[in-house]
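Trainee: For reference, the chains in residue letters:
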Amino acid sequence: MAIEGTDLIQASAFLGAGLAMGLGAIGPGIGEGMAASKACEAIGKNPSEAGLLTRTMLVGQAVSESTGIYALVVALLLLFVV
Amino acid sequence: MEELGKIHQLIVPVFGHEMAFNIEVIIMTWIVIAALIVFAVFATRKRGVVPGKTQVMGELFVTQLYALTIDALDERLGRKFAPMICALFMFLVISDSLGIIPHLEEPTKDLNVPLSLGIMGFVIAHYCGIREKGIKKYIKEYMEPFIIMLPLNIIGELAKVISVSFRLFGNIMGGSIIILVVSHLIYNLVLPPFLCFFFGLFIGTIQAFVFTMLTIVYIAVQVK
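Listed in order, the protein sequences are those of chains A and B.
The opening position of the first sequence corresponds to residue 1 in this note's numbering, with each subsequent residue numbered one higher.
The opening position of the second sequence corresponds to residue 1001 in this note's numbering, with each subsequent residue numbered one higher.
Incorrect hints may appear among the rest.
Below 35 Å or equal to it, Euclidean Cα-Cα: the simulated DSBU-like pairs (lysine-lysine) are [what the hints assert, rightly or not]:
{"#": "1", "chain 1": "B", "residue 1": "Lys1224", "chain 2": "B", "residue 2": "Lys1133"}
{"#": "2", "chain 1": "B", "residue 1": "Lys1136", "chain 2": "B", "residue 2": "Lys1224"}
{"#": "3", "chain 1": "B", "residue 1": "Lys1224", "chain 2": "A", "residue 2": "Lys38"}
{"#": "4", "chain 1": "A", "residue 1": "Lys38", "chain 2": "B", "residue 2": "Lys1133"}
{"#": "5", "chain 1": "B", "residue 1": "Lys1137", "chain 2": "B", "residue 2": "Lys1046"}
Label pairs and their computed distance ranges (CB to CB) [stated by the list, open to error]:
{"#": "6", "chain 1": "B", "residue 1": "Leu1195", "chain 2": "A", "residue 2": "Gly18", "range": "48 to 56 Å"}
{"#": "7", "chain 1": "B", "residue 1": "Arg1047", "chain 2": "A", "residue 2": "Arg55", "range": "28 to 36 Å"}
{"#": "8", "chain 1": "A", "residue 1": "Asp7", "chain 2": "B", "residue 2": "Glu1141", "range": "50 to 58 Å"}
{"#": "9", "chain 1": "A", "residue 1": "Leu15", "chain 2": "B", "residue 2": "Ile1162", "range": "20 to 28 Å"}
{"#": "10", "chain 1": "B", "residue 1": "Leu1195", "chain 2": "A", "residue 2": "Cys40", "range": "42 to 50 Å"}
{"#": "11", "chain 1": "B", "residue 1": "Glu1059", "chain 2": "A", "residue 2": "Pro47", "range": "25 to 33 Å"}
{"#": "12", "chain 1": "A", "residue 1": "Cys40", "chain 2": "B", "residue 2": "Glu1059", "range": "31 to 39 Å"}
{"#": "13", "chain 1": "B", "residue 1": "Leu1036", "chain 2": "A", "residue 2": "Thr6", "range": "43 to 51 Å"}
{"#": "14", "chain 1": "A", "residue 1": "Leu77", "chain 2": "B", "residue 2": "Gln1009", "range": "39 to 47 Å"}
{"#": "15", "chain 1": "B", "residue 1": "Val1182", "chain 2": "A", "residue 2": "Leu52", "range": "32 to 40 Å"}
{"#": "16", "chain 1": "A", "residue 1": "Ser64", "chain 2": "B", "residue 2": "Glu1141", "range": "22 to 30 Å"}
Examples of chain A residues lying across from chain B (beta carbon under 8 Å, computed) [said to hold, decoys possible]:
{"#": "17", "residue": "Val63"}
{"#": "18", "residue": "Ser66"}
{"#": "19", "residue": "Leu72"}
{"#": "20", "residue": "Val73"}
{"#": "21", "residue": "Leu77"}
These are calculated hints, taken from the structure and not from any lab test.
Just so you know, even glycine gets a beta-carbon here, dropped at the ideal spot from N, CA and C.
If we strip away everything but chain B, and leave its shape as in the complex, we get (with noise of 0.2 Å):
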């Protein structure tokens, strides 16, 4: 219980100023994108009408998230985002599950990795709408339906990105708490898989979908 809450960081000092980094999170991000690139290498390297099975994994990745984009955007939209839904989808489903590894951490437990994420969501949403509709159009949607409204729409906007991030990360925090106090309770003498995959597989990949769902939908909102 006593690595409950503690994390390890390097403090650097520059000029006066100290920046911290989470070593472990940074060291699981980069087995995460290892395992990406991995899986990307073996789906790719034999290419055929009768695809292998790692490419059917992948076809199957592919063809479910740009017919989601595409649902939601229109079709030319839909087109240019769906790499990169498909490059969130995929590091969120393989970083909520690295939990299930023995002395492997999901990155996501940590606030950083999903907020920094909900902001890149936030940041393409909003320079996606102001490239569709014009700044005079996209300036004028935060006076909707009079100027006092001003405040409270900004207020509105920010809230998703905390809103989308806390809910990643309260999810992945509270189902590791709980595996940990758990084994605590009976000394660690069997690891409780169950609870393992339950909140790894399950929760993870439920809550890497609504990520993703989310952001297509908050750039689907600033486009129309």
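One chain only, chain A, in its complex shape (with noise of 0.2 Å):
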């Protein structure tokens, strides 16, 4: 069996998805453990504001997770669609 055209583009697809969500997952894993890790220090140094902390870094994660979301958008293109 030969490999033919679509076989190449489909292969091609593939690792494409693959490498765009592996490769789209460091950016936003780094930041939000950044993000995190200054929300622990702040909660440690004033722990009566704990609940509005929570919210902000939840929210300020949520935003910077966009990227991976990018990431996950165009796997799921060039799974789907291609």
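These two chains come separately, so use the hints to put the complex back together.
Mentor: Printed below as a string of structure tokens:
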């Protein structure tokens, strides 16, 4: 069975989806970890403001997560549309 | 796994063009709206100084979101926009966590719903900006700091809509795909309730809050 052009396109689309998800998840992971560590420090210094700090941290993390979500959307497009 | 990525569409020919309706999304949106109406009726039916259970929940939603909106905007505009913000947040919370009930799907899983909500926020923000500042000052804001930055500023405004709607869509879609894949891997023997609760309730509520918050912030940026 010879490898045809469509197989090649399919294989590279799957490869691209994996690469997009894997590389795109690095940035949000590091960023959210840094946000959580700073929030931990702030709660340690000022435990009475824990609720406000947690809420702000969650919103900031959800916003910085969006680059990872774009990677997910690109990976889904490569998997199901190409 | 076969149902992954498939949607049921109703295609109606109108004057040579074809209009496509995503049936499941429409029905799920109706269910969400019905749930909201039932909640509102039960929350306001027996009002009293000593509130019942649903009345406490309704009051919690309304007071918190009013405080949030009045913080971000000023007193007058905050009171004007707070009902819209309340409706947006409650709609998004219920529609994001609808997936924890079997055989129901989140309407926000389809890109049409978040994108239309994002465009709604965009139009409201810009209309209110023009009304508050006047058309001259509004157009002048796009020429800041030089006139060369005009296309960049326009693209920046349009990118806000894309980012806010794709964030909600991607989170809900990704969560539901992960739930589907995991339940396929264990041959549907056990429903993965923890994943459902994590993605449905936790992530769904946070993303609904972020969407609402960003809509308020976009309105506040345009008004000031």
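Trainee: Looking back at the hints listed earlier, which ones does the structure fail to meet?
Mentor: Per hint list: 4, 5, 6, 10, 14 and 21 violated.
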